[in-house]
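Using our numbering, the first residue of the sequence shown is number 63, and each one after it goes up by one.
Source of the hints: derived by calculation from the structure; they are not laboratory data. All C-beta atoms in this analysis are idealised placements derived from N, C-alpha and C, irrespective of residue type, glycine included. Hints are supplied without guarantee of correctness; some may be wrong.
Said to hold, decoys possible - Computed Cβ-Cβ distance ranges for the label pairs, DEER-style:
| id | residue 1 | residue 2 | range |
| --- | --- | --- | --- |
| 1 | L166 | G109 | 22 to 32 Å |
| 2 | E190 | R136 | 25 to 35 Å |
| 3 | G100 | E190 | 14 to 24 Å |
| 4 | Q159 | L69 | 43 to 53 Å |
| 5 | L69 | P155 | 45 to 55 Å |
| 6 | E182 | D66 | 17 to 27 Å |
| 7 | W68 | E137 | 50 to 60 Å |
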Amino acid sequence: MARDIWLNMQVISETLPFLPVAPPPDPWIRKACRAVGGLREVGFAPGSDLLLVVSSQGRGVVDCLTGELVAREREVPYDWVDERELLAEGIGPLKGQRIRIAGLAGGGLALGTADGLRLEIETFSHPERCVILKRSDWAEWPDAEKGCSKIAADSSLRAAGFSPTGRSLVIATSSEVIVYGRP
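Make the full structure from the sequences, and use the hints.
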């Protein structure tokens with residue numbers, strides 16, 4: 063069995079670059095695609111599906127379970143963002159919280175869920191970065207498309223990852239944030 067998985071992994075790694083970009087499979091549902099000019103960083107509040115979005119135009123908070131923009135402040139980055147510590151002060155329902163951020167300044171969102179889903183960010187053809195969603199049993203499938211999905215490919219990817227609850231998945235580029243949710 064271990065040899066079969068090893069061979070599957072080799073085949074999958076060779077075919078991943080050629081997978082078409084497609085939305086995540088069921089049960090993921092696209093909740094929102096929000097235009098955000100000058101997006102810099104994003105970050106989830108601890109234990110929640112509330113996403114803080116930091117851009118050159120200010121801050122916003124998206125409820126990733128509904129896709130709704132629940133708060134917006136147009137103050138440009140100043141003392142409320144700390145790119146060295148990768149923290150930003152929340153607004154609206156996140157007011158008073160310092161949220162860990164990921165994006166241009168570094169950092170990263172959660173790349174796995176409790177039920178075994180994984181995200182990988184790969185560069186198959188520079189400068190394009192691809193976001194690959196892998197099922198927990200991805201290596202058992204000899205066909206890459208059955209165990210993996212290429213859910214994004216963009217040269218301006220800022221961050222991609224899961225919420226702390228594992229119910230939301232976001233892809234942030236320099237110009238938009240795409241939000242997926244699941245029950």
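50 to 60 Å as the expected CB spacing between E137 and W68, which holds or is violated: Because 53 Å falls inside the window, the suggested range holds.
Hint check for E190 and G100 - Cβ pair distance inside 14 to 24 Å: Check passed, 20 Å falls within 14 to 24 Å.
Cβ separation of E182 and D66, checked against the hinted range 17 to 27 Å: 21 Å Cβ-Cβ, so the 17 to 27 Å window holds.
Verdict for L69, P155 (Cβ pair) under range 45 to 55 Å: Hint holds: Cβ distance 49 Å, inside 45 to 55 Å.
C-beta pair E190, R136: status relative to the range 25 to 35 Å that was hinted: 31 Å, holds
Beta-carbon spacing of L166 to G109 - inside the hinted bounds 22 to 32 Å or not: With a Cβ separation near 25 Å, L166 and G109 satisfy 22 to 32 Å, so the hint holds.
43 to 53 Å as the expected CB spacing between L69 and Q159, which holds or is violated: Roughly 47 Å apart at Cβ, these two residues keep to the hinted range, so it holds.
Comparing the model with each earlier hint shows no violations; every hint is respected.
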